[in-house]
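For reference, the chains in residue letters:
Protein chains: 2
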Amino acid sequence: MIEDKNPQRTSLSELGEFGLIEHLTKNFKLDQDSSVKGIGDDAAVLDFKDKKAVVSTDLLVEGVHFDLSYMPLKHLGYKAVMVNLSDIYAMNAKPTQITVSIAVSNRFPLEALEELYEGITLASKIYKVDVVGGDTTSSTRGLIISITAIGEAEEENITYRDGAKTGDLLVVTGDLGGAYMGLQILEREKEVFKVNPNNQPDLSMYSYIIERQLKPEARKDIPELLKALEVKPTSMIDISDGLSSEILHLCTQSKVGCNLYEDKIPLDPQVISTCEEFNIDSTTIALSGGEDYELLFTIDQADYPKIKANPNLSVIGHMTDKKEGIHLVTRGDEKIPLKAQGWNALREKEE
Amino acid sequence: MIEDKNPQRTSLSELGEFGLIEHLTKNFKLDQDSSVKGIGDDAAVLDFKDKKAVVSTDLLVEGVHFDLSYMPLKHLGYKAVMVNLSDIYAMNAKPTQITVSIAVSNRFPLEALEELYEGITLASKIYKVDVVGGDTTSSTRGLIISITAIGEAEEENITYRDGAKTGDLLVVTGDLGGAYMGLQILEREKEVFKVNPNNQPDLSMYSYIIERQLKPEARKDIPELLKALEVKPTSMIDISDGLSSEILHLCTQSKVGCNLYEDKIPLDPQVISTCEEFNIDSTTIALSGGEDYELLFTIDQADYPKIKANPNLSVIGHMTDKKEGIHLVTRGDEKIPLKAQGWNALREKEE
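Just so you know, the sequences run in chain order F and W.
Residue 1 is where the first sequence starts when you use full-length UniProt numbering, and the numbers rise one by one after that.
Residue 1 is where the second sequence starts when you use full-length UniProt numbering, and the numbers rise one by one after that.
Hint data in this document are derived by calculation from the structure and do not stem from the laboratory.
Even for Gly, the Cβ is constructed at its ideal location relative to N, Cα and C.
A couple of the hints might just be wrong.
What the hints assert, rightly or not - Okay, the calculated beta carbon distance ranges per label pair:
no.	chain 1	residue 1	chain 2	residue 2	range
1	W	LEU122	F	GLU324	41 to 49 Å
2	F	GLY325	W	GLU14	44 to 52 Å
3	F	PRO109	W	ARG107	26 to 34 Å
4	W	SER105	F	LYS308	28 to 36 Å
5	W	ASN27	F	LEU122	38 to 46 Å
6	W	GLY40	F	LYS306	22 to 30 Å
7	W	SER105	F	LYS128	32 to 40 Å
8	W	GLU230	F	LYS322	54 to 62 Å
9	W	LEU122	F	PRO109	49 to 57 Å
10	W	LYS128	F	VAL192	55 to 63 Å
11	W	THR284	F	LYS190	46 to 54 Å
12	W	GLY40	F	GLU334	44 to 52 Å
Claimed, not checked - Derived coverage of chain F by chain W (criterion: at least 3 residues anywhere in the stretch with Cβ under 8 Å from a Cβ of chain W; other residues may be distant):
no.	region
13	71 to 78
14	194 to 206
15	209 to 219
16	286 to 298
Said to hold, decoys possible - Here are a few chain F residues that sit away from chain W, every Cβ distance over 12 Å (derived from the structure):
no.	residue
17	LYS52
18	TYR160
19	ASP162
20	THR252
21	HIS327
22	LYS335
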C-alpha cells in the first residue's frame, strides 16, 4: 500500500465565496418547529408563537480564545457552539437556532473548514439546534468565529441574573477547575513537543480535564432537570470566566451579598491531583479558572429538599444582605473578600 | 489658547473587559416593544407575539471589508449596522434589535471604540433598532465587527428570493454603482496622500458617491412604501455584491430567466462622470460594483400601475422562462449572458 504523504488540500479560492458557503452548509437540516426558513435568503425566519425568544452572541479569535496547535478544528467548532448554548441554558431556556459566521485567512485549506464545520454540525445535532444563517469571509490573519444562539422559553421560566434574595442557596452544577487545568496540561505538552517532537506523551491520567478544555458540554440537562424537580431558580448565570467572577455578577445585579464555602466547592479528583502536581491551590483554580460552562444559580431555601439528593447539584453557599459583602469562607473558617479574578486576569499574570 | 497636541488616549487595559462593555453600552436604551431584556444578562429576551422573527448576521474584517485609512470609525460603525439592516429590509421586514460584537487589538485606544460606538448608536437611533447584546474581546491584529440583526414581519408580507415568476417585472430602488466609484476616489486620494501628505484635495464634486461608500443608508422606506402602495413583491434581495450577482441569485432560486435592459439601469450623474474620468464602463460598475445596499425585487405585472410614478423605483427588466437564460440587453440591442462578477471578483482583478 502506498501511503498518501500529501493529504488533500483544496484552496478556498477554487470554490469562491458562494461555492464555499454552499459546500459547508449543505448538510444543515431544519428540525426545530420554530425554524421557518434557514440558510439561503437575506435572513432566516423564525416563529416562536406564544413563547419568548432569547438571543446570545460570542466572538472567538485565534490567538486570544484558542490555540490551533493543540485545539483540533473539529473540537473548536464544537466548543464554539457550546459557549453560546451555555448562555441560553443560563436563562433557563432551550436553544433552538444558531447563526455561524467565520473569517478565515487563506492559510486554511477547505479541508480545515470542513473539520471545523464537522464539529459545528455534531454540536447542532446533539443539542438539537438548527443552523439558520451566517457569513463566510476572508481574514488577513487567523481564524475568527462569531456565533449567535437563539432560544425559546415560557415567560415564567426565564431566569435573570438579578433575582437572588437574601437567604437563597447558591448552587453549582458539575465540578469546577477542570477546563483550566486541562489547558495547563496542553500548554505543558506543547512546550515539550517544541523541544522533542518525537515525544509521545501518555495523557490518559489527564483525560477528564483535557476533555473539559477541548470538548466542553453545555448543561442542556439542567433546565430540563429543574423543570422536572419543579424548581424555578431565583437567578442564574453560566460559568465562563470563573466562579468568583460569576458570583460577583449575581450579587451585583441582585443587590445581595454572599458567603461561599470553600469546602463545598465541587472538584474532580483529577483537578485535585493535577493542582498538586503543578503546586497550585485548587480553590484558586475553581474560583478563577473559567471555561467550565457549568451553571451557577440561586434557589429559595424552601426548594432545598427538591435538589439535595441530586448528584449534579452542589449547594456551595448562601446569599446574604448586601451590606455583609461577598466572602469566601475558608476551610480554616476565615472570611476572605471574593475578588473578580477571571480567566483574563490569570492569563495576564502568566505572560 | 493652548492647543491640545495630544488628544486623549485611554488604554483599553485600564478599563478591563467588563468596564469596557459597561462604558460602551451604557447609552443603549430599549425602545422596541419586542425588547423584553437587553444587554446585561446571559442573553437578551425578545417577544414577537404573533409576528415572525427574522435574523441576519454579517462579519466585517479590517483589511478585507474596510480600510481605516479612509474610513472614519464613526462611519464604519454606522455602515456595519446598515449592512445588516439591509438584509432585514430585503425580507420585507422591519429590523427591531441588533447584537454587536467587536474584537479589537490594543493599538486602538478607548476613544477609537467610542467613535465606533457613536456610529452604531446613531444608526440604531435613526433606524429605531435596540442594541440588545454583544461581545467585546481582544484580537491579535486589527478590528473585527460582527453584527446580528433581528426583525419582525407579518407572515404574509415576508418576501423570499425564490418567488419570482415568468413575466414578473424586475425593479430596483435608487441608483447603482455609486459606492464602488466612491471607493475609487478614496483609494486614489490615499495614493496621492502617500506622495504628498500636505495635499488638500477638493472632493466636493464627488460628495454623493463618497457618501454612498462611507455612509450608506439601508432602504428603510421601501417596505413601508410597498405596504402603502399595496404591492407585495414576489421576490426580493438587497444589492451588496452587485446587480448581476443579485439577479443571478433571484433567478437561480426562483428557477426563472431574466432580461435586464442596460438603458434602464439607474445611474447618478456623478457615477457617469466619474466613470468617464476613470475610463470605466458605467454599466460594468452598476452590474459588479456592489455595496449600494439598494433593494432589488420582482412584482407581478398587474402591480405596475401602482409603482410606475414612483421616483424611488426603476423597472429594469422582466423575468422569463428559465430556458431562455439570464441576459443583459445592451443599448445596441445585443443580448449578452449575465455573469456573476461581484465585488470580490473586481477587487481580485485590480490586485
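Hints, verified against the model:
Distance hint for LEU122 of chain W and GLU324 of chain F: a CB-CB separation of about 44 Å, consistent with the stated range 41 to 49 Å. Hint check: GLY325 of chain F to GLU14 of chain W, Cβ distance near 25 Å, so the stated range 44 to 52 Å is violated. Taking 26 to 34 Å as the suggested C-beta distance range, the pair PRO109 of chain F and ARG107 of chain W conforms, at roughly 30 Å. The given range of 28 to 36 Å is broken by SER105 of chain W and LYS308 of chain F, whose C-beta atoms sit roughly 49 Å from each other.
The hinted window of 38 to 46 Å between ASN27 of chain W and LEU122 of chain F holds, with their beta carbons roughly 40 Å apart. At about 29 Å, the CB distance of GLY40 of chain W to LYS306 of chain F agrees with the hint of 22 to 30 Å. Between SER105 of chain W and LYS128 of chain F the Cβ separation comes to about 37 Å, which falls inside the hinted range of 32 to 40 Å. Distance hint check for GLU230 of chain W and LYS322 of chain F: the Cβ-Cβ separation is about 58 Å, which falls inside the suggested range of 54 to 62 Å.
One distance hint, 49 to 57 Å for the beta-carbon pair LEU122 of chain W and PRO109 of chain F, is violated here, with the actual separation near 41 Å. The given range of 55 to 63 Å is respected by LYS128 of chain W and VAL192 of chain F, whose C-beta atoms sit roughly 57 Å from each other. Checking the proposed 46 to 54 Å range against THR284 of chain W and LYS190 of chain F shows it holds: the Cβ atoms sit about 51 Å from each other. Under the hint 44 to 52 Å, the C-beta atoms of GLY40 of chain W and GLU334 of chain F, about 33 Å apart, miss the expected range.
Restraint check on the region 71 to 78 of chain F versus chain W: 0 residues with Cβ-Cβ distances below 8 Å, three needed, restraint violated. Proximity of the region 194 to 206 of chain F to chain W, defined as three or more residues with a beta carbon under 8 Å from a beta carbon of that chain, is not established by the 0 residues found. Requiring three or more residues with a Cβ within less than 8 Å of a Cβ of chain W, the coverage given for the region 209 to 219 of chain F is violated, as only 0 such residues are present. As drawn, the region 286 to 298 of chain F meets chain W at 0 residues by the rule of a beta-carbon pair under 8 Å; below three, the given contact is violated.
With a least CB separation of 5 Å from chain W, LYS52 of chain F falls inside the 12 Å interface cut-off, contrary to its annotation. Distance check on TYR160 of chain F: its Cβ comes as close as 5 Å (rounded) to a Cβ of chain W, failing to clear the 12 Å threshold; non-interface status is violated. Annotated as non-interface, ASP162 of chain F brings its C-beta within 12 Å of a C-beta of chain W; the closest such distance is 8 Å. With 12 Å as the threshold on Cβ separation, the claim that THR252 of chain F sits away from chain W is violated: the shortest Cβ distance comes to roughly 10 Å.
Distance check for HIS327 of chain F against chain W: the nearest CB is about 21 Å away, which clears 12 Å, and the non-interface claim stands. For LYS335 of chain F, the requirement that its beta carbon stay farther than 12 Å from each beta carbon of chain W is met, with the minimum near 24 Å.
Of the hints listed earlier, those the structure fails to meet are numbers 2, 4, 9, 12, 13, 14, 15, 16, 17, 18, 19 and 20, in rising order.
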